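Let's have the full structure, built from the sequences with the hints guiding it.
Position 33 (the sequence shown) corresponds to 430 in the numbering used here; numbering is contiguous.
Don't read these hints as lab results, they were simulated from the structure. Fair warning: this is a prediction, and the values are worked out from it, not measured in the lab. Don't be surprised by glycine CBs; every beta carbon is placed ideally from N, CA and C. There could be a bad hint or two in this list.
Here are the simulated distance ranges between beta carbons [unchecked claim]:
id, residue 1, residue 2, range
1, T549, K652, 27 to 35 Å
2, K652, P418, 50 to 58 Å
3, T474, A746, 18 to 26 Å
4, I754, N610, 16 to 24 Å
5, G653, N707, 52 to 60 Å
6, N610, A647, 42 to 50 Å
7, A647, P477, 37 to 45 Å
Below 30 Å or equal to it, Euclidean Cα-Cα: the simulated DSS-like pairs (lysine-lysine) are [to be verified]:
id, residue 1, residue 2
8, K511, K638
9, K540, K638
10, K652, K622
11, K690, K638
12, K638, K622
13, K690, K595
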Amino acid sequence: MSSNSFGKLFTVTTFGESHGPAIGCVIDGCPPGLALDAAEFAHDLQRRATGKSRHTSARREADEVEILSGVYEGLTTGTPIALLIRNTDQRSKDYANIGQQFRPGHADYSYWHKYGIRDPRGGGRSSARETTMRVAAGVVAKKWLAERFGVTVRGYLSQLGDITPAGFDWSAVEDNPFFWPHAAQVPELEAYMDALRKSGDSVGARVDVVADNVPPGWGEPIYGKLDGELAAALMSINAVKGVEIGDGFASAAQKGTEHRDLLTPQGFASNHAGGILGGISTGQPVVASIVLKPTSSLRLPGPSLDTAGNVVEVVTTGRHDPCVGIRATPIAEAMVAMVLMDQALRHRAQCGDVGTITPRIPGQIDG
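See the structure below:
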């Protein structure tokens, strides 16, 4: 098993390389009757796309989705949904000099030792280009969750280098290229990225994702924990080096009296657990965060080795993101949505007719 597939009942298999003729995915397990049109993919794919600002890679792809199967007369049929996006702006010549070299911080060395062969053009299968199809599959999951349960999945950039938001407004997130929740800071981010790009260096980032209106009961108590599967899904995104659920690592400095989320008839008093207890959703907002490392594609030279073990100096040319976290928000949203849809279908299969006499309380106390 080569692990190119995700999920148990709602499954997604992606294929393709960064500089190949196309990338695609096969979505299996989507219930029939969901209205779906190729144009619906455009919004989220453009949110992820390169070439939209001077702070991302200059590669420009149309990212137009072709629906090859699984949709008839505008509705999903319950059969596999095959999606294809053709690559149109590859520039493989940029990688001609590094075909036999290992770029520091990239997957070149590990891929070489695993497979004995690698596609150096744009990183091949290890490129973030693959995440385009995750975002496409996430569009399906987001729509089904919203229509079936009223679930919304939204994300934002919560840290860029050492800069954190000075305020928070969801309405600001979609109005700037950083997905930043405080509009007044956008000029500061622009200046920071301009200076970074001129220096030839890169920087890391943090993205937070919030899923609202998730019903209580989704997830399994042991090996299929909702937070465990969210962590695995989010860690599978390129450059992610850490995942938190709720307060995450900050919990180490908290007392139990602070961290526990008290229940009242009016709702939960807090949400330090991120909407998940015992691996199962509580009905509170599900909150997950990821940290992305600085991209390793730098114009600054660095020592490395070639495939023969000789010492070489590597200089990366081509078009690259100085901060991959800037475009990671829709990718993280997609992975959270796919996990939630998969868990929703599994919960319905096992416990769909379970009811309790205990009333459901609000996810948080109003006000």
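Results of checking the hints against the structure:
1. T549 to K652: 27 to 35 Å: holds (32 Å)
2. K652 to P418: 50 to 58 Å: holds (57 Å)
3. T474 to A746: 18 to 26 Å: Between T474 and A746, where Cβ atoms are some 20 Å apart, the hint holds.
4. I754 to N610: 16 to 24 Å: Once the Cβ atoms are compared, 22 Å apart, the range 16 to 24 Å for N610 and I754 holds.
5. G653 to N707: 52 to 60 Å: For N707 against G653, whose Cβ atoms are near 56 Å apart, the range 52 to 60 Å holds.
6. N610 to A647: 42 to 50 Å: Check failed, 25 Å falls outside 42 to 50 Å.
7. A647 to P477: 37 to 45 Å: holds (42 Å)
8. K511 to K638: Holds, at roughly 21 Å.
9. K540 to K638: holds (29 Å)
10. K652 to K622: holds (24 Å)
11. K690 to K638: Within the cut-off at roughly 6 Å; holds.
12. K638 to K622: holds (20 Å)
13. K690 to K595: Status holds; Cα separation ~19 Å.
Of the numbered hints listed earlier, the single one contradicted by the structure is hint 6.
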